[in-house]
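There are 2 protein chains.
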Amino acid sequence: MPIYRAPLRDFQFLTDEFLNVAQYKDVPGVGDVDTETVNAIWAEGARFCEEVLLPINQVGDKEGCTFKDGTVTLPTGFKEAYETYVQSGWTSFVCDPAYGGQGMPEWTNMPVTEMICSANLSFGLTPGLTHGAYNAIFLHGTDELKPRYLPKMTSGEWSGVMDLTEPHAGTDLGMIRTKAEPAENGTYKITGTKIFISAGEQNVTENIIHLVLAKLPGAPAGTKGISLFLVPKFLVNDDGSLGARNAVTCGSIEHKMGIHASPTCVINLDGATGYLLGEMNKGMKAMFTMMNAARIYVGVQGLGLGEVAYQNGAAYAKERLQMRAPTGAKFPEKPADPIIVHPDVRRMLLTMRAFAEGGRALVMEIALKLDLSHKHPDAKEREAADDFVQLMTPIVKSYLTDGGFENANLAVQVYGGHGYIAEHGIEQFVRDARIAQIYEGTNGIQALDLIGRKIPMGTGKYLRQVFYPMDAFMEQQKNNEAMKEFVKPLGKHITYLQQASLWLGAAGVSNPDDAAGGATEYARMFAMVYVGFLWARMAALALAKLEAGTDEKDFYEAKLETARFYIQRILPQSVGILATITNGAKSIMGMKAESF
Amino acid sequence: MPIYRAPLRDFQFLTDEFLNVAQYKDVPGVGDVDTETVNAIWAEGARFCEEVLLPINQVGDKEGCTFKDGTVTLPTGFKEAYETYVQSGWTSFVCDPAYGGQGMPEWTNMPVTEMICSANLSFGLTPGLTHGAYNAIFLHGTDELKPRYLPKMTSGEWSGVMDLTEPHAGTDLGMIRTKAEPAENGTYKITGTKIFISAGEQNVTENIIHLVLAKLPGAPAGTKGISLFLVPKFLVNDDGSLGARNAVTCGSIEHKMGIHASPTCVINLDGATGYLLGEMNKGMKAMFTMMNAARIYVGVQGLGLGEVAYQNGAAYAKERLQMRAPTGAKFPEKPADPIIVHPDVRRMLLTMRAFAEGGRALVMEIALKLDLSHKHPDAKEREAADDFVQLMTPIVKSYLTDGGFENANLAVQVYGGHGYIAEHGIEQFVRDARIAQIYEGTNGIQALDLIGRKIPMGTGKYLRQVFYPMDAFMEQQKNNEAMKEFVKPLGKHITYLQQASLWLGAAGVSNPDDAAGGATEYARMFAMVYVGFLWARMAALALAKLEAGTDEKDFYEAKLETARFYIQRILPQSVGILATITNGAKSIMGMKAESF
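Chains as they are written, first to last, in our numbering: chain A, 124 to 719; chain B, 124 to 719.
The shape of chain A in the complex, shown without the other chains (with noise of 0.2 Å):
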């Protein structure tokens, strides 16, 4: 069985010396909370993903969900891990106190969200989605909607789910032919055919709160003509208490690659009773409340898989005995030596550990910005805090579901035929891993939205708060001898970054097909350089905590050692993408589409 050990100490060291919130102790609910209470509950989610979500993965994995006379029975063990769950609180976490949430920052619910993805991805994704649907409803739910529906999802008894893509239409919602007739009291009835409803049917909460898009009827055609109902599984009562059963329903589930404890549904709405959520025809607009958080959240699920598949691999590196190392046996009295001494096995652990801790870097700062943007009391911060959310969204969806995949496959290449093999768990984080690459918007229309939206928006507004930044640091380390070795090459990436960004501004303007036909290299480009820039960030922490002497000098030189590898053989790849970009998207489009 796949081992697991929650990174507690890299949580502390991100959130006190990386993101430095203690500086946001005047901001309330961001920096105002107690860091001894924040590990404490840390340490207490490790314990129920370490103990009670890792042991049940595998068993979910094999058994799969039933699917029998339209209900949906998860594996064993998934509803007791529930009931614990909200029995901890966890599901009111962050949510709001009116509605009986704790009011926690996003900076705290991160590290909790990776340690549930590490240890068990498909029970993860009922709350995590739940979490989604609460914003949807908190932010545009009407004053009656909202304390009918807030606090049973706080607590856990109700889920929330996303009742988005159709057969035919998935990334052109702007299709969807799912209906909503008017009907008594405001009230509408909404019929359709929904597919790919992650844990659309379920037999572990009382009430599944549907948010659906359909069509009014004489809507204007596409994306302008969708609006967002909210449609439960079970009518409520004034009194709150559950009323009847609602006509949506759950047809079917699918057979697929992973992650195979969540059940993908069906679902069909046959007049079912739905409340309109947000304003009518806008509903794309409130739809993406849901579905910027969901992104990140995806991108979590990478880094939770990314690093337990890290974790598996190190262990295995160090216990399997395996050839000599090529300057010699470094174990002469063993058989063979670990398989850790060879150079390519380091590569290869070097290559997940580098992703890991710097992809948790990247979602840690982009959590605070949420919590920035939100609740920052200064107008101007908040919205450059935003500017950054909205920018980096795509990127942290993209390269972290990228990377996390990429990690697994790294595991199961360290295991060898092991790692094919069911029993050990490894290939499982594979199959997992893939959907994160697709579903909330494929990984190329992340590089699309960036190109398209994000890098132009306000004439590079949003990308003023990753290159000032990276300036400001530039200019702070130029005399740090011991920083060189990290700031020399990091700015020459720098520099083909803005030269990429700067061709793909030109060509968005003359020719729109070379910034399309670039944008998944270029999405990829830039989250190498941030990456750098954010490991370059933790090795001047590390420098500065060895040079003035710290009694835990292997972490901070094993941080050391990463960046080292991050700077020297992940970051120059950079250098073939911007020539890749530049070369343009003729030889894209040159080929007609009958000669495929």
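Check each hint, because a few of them may be wrong.
Since copy identity is lost for identical chains, a pair holds within one copy or between any two.
[As the list claims (entries may be wrong)] In silico DSS-like pairs for lysine-lysine, Cα to Cα no more than 30 Å straight-line:
hint	residue 1	residue 2
1	Lys607	Lys347
2	Lys408	Lys453
3	Lys185	Lys202
4	Lys601	Lys269
5	Lys709	Lys338
Just so you know, these hints were derived from the structure itself, not from any lab.
For this one, chain A is given, so just place chain B on it according to the hints.
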């Protein structure tokens, strides 16, 4: 269900134009075969793959193999398909006429192998492994063993398998514990446990010939003390009939990520009767006869999956309607454009196509060289061809299996959410392709073979088989205006490859870790540049044809467009890899093992 159409036109292009096999018409058993007959044979093979193997591929994945009381039953339809395969004479195709074979060259067989891998990878493993075992017996068997075993393996009535791996010894075969004790009549009693034995037990052939690595009493430690034994499932009487059941049995089969229709067996040898194959303690050498051929074969598995993945991705992209092209609607009469109008989708499809067609050129070239290395009347020509095969075998294995996996994942990405659903059969390609990066020596081991043995050999003797033809081609094309767009970037990247080769060569002497640390990147760069060279050669042929006039304009234009894409959008990555390699392995070796 996935589609598949055998790329017969491309096979013809490669043999008639790219390899120009006719130039070897005076080399018996290589160029003296009738091309019309060969084309007819391929068309017959195509029909078998499309109509018999493809339809049972998903069935095989879903059902898997059944293990009961020591017997293994393949999924529905596999026994019948194997019988058809045998009756059609495919098993005898390249075998020696002295043992009932048809004596066809390898280059005529590669397309058949590729088609089988595209249509049904699991099915192909039994005959594929038999071919490797046949070769080992053919080259190392005594005059008594050969007529006893080879005719029935040629006819396909018996199969052959490799029993190498043990629980604690995969890459490191020197550590095996299976023992061989001398017994009566020059036979041996073999005792031990082998794992991961593909097709080690099944219900489709009368007998299974295990080639088993074991240690004789008092044999030297490590790989120098390993011998190879022939261990039949049923002993064979002097008249060729089947005798007693030998003590070689299947203990269980593995549950694994993919290739579900190919049983992966634990094989128990309990004093089984075995016959020495080749010399005592020289088993590794004999085994490499199988292994080198098997590595090329595994590369073809990646190619075959890469091709079928491409075809399905392309078909879906032409049919799925979603969003509008960045430059405006291309099919305004439809509710949306087919996704093939999107540059990012085309990027994925062209990446897949450039891999499949470039990889096929590589496979056909190594196949022809393999034939020449055995059959050319001139010893120097044989040696030169063998040098090429030696050098390129690890490249063929690692590049094609990495690319096959990448193609399978790109097909899933093109399909979006539908690619993740089992029913469409696309995610199966990912799961099936994953093993090819691992077995027959992980791709990391291939890279070490390349830099540790193949590159240094005879101070670059093997390398000359690659760099001399590159130089000759560049010289030949230097005044060809139309070829400038290919030759100029290619020349630059050849220089980079030479720089990387020199750097690693020097590092290999001064610091083995630097060489081993860069091995995987170097293998990737080597393949990338070499395939660029193949694409430039194919582009030159296509240009000449288009200039001369052809009624297959679409075929040659598509070839040219794909070449452009490869040169402009794949090849540039090599410069980033060069930078990575020359940064050395210090950052790989720095971290303490305990810190991982």
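30 Å Cα threshold - placement of Lys347 relative to Lys607: Classified as neither: same-chain Cα gap 52 Å, cross-chain 49 Å, threshold 30 Å.
Homomeric proximity label, Lys408 with Lys453: Cα distance no greater than 30 Å: Between copies, since 27 Å is at most 30 Å while 60 Å is not.
Same-copy or cross-copy closeness of Lys601 to Lys269 [CA-CA at most 30 Å]: neither (52 Å within a copy, 73 Å between copies)
Homo-oligomer pair classification [Lys202, Lys185; C-alpha up to 30 Å]: Classified as both: same-chain Cα gap 16 Å, cross-chain 28 Å, threshold 30 Å.
Within, between, both or neither, where Lys709 and Lys338 count as close if Cα-Cα is 30 Å or less: neither (39 Å within a copy, 60 Å between copies)
Going through the hint list in order, the structure does not satisfy hints 1, 4 and 5.
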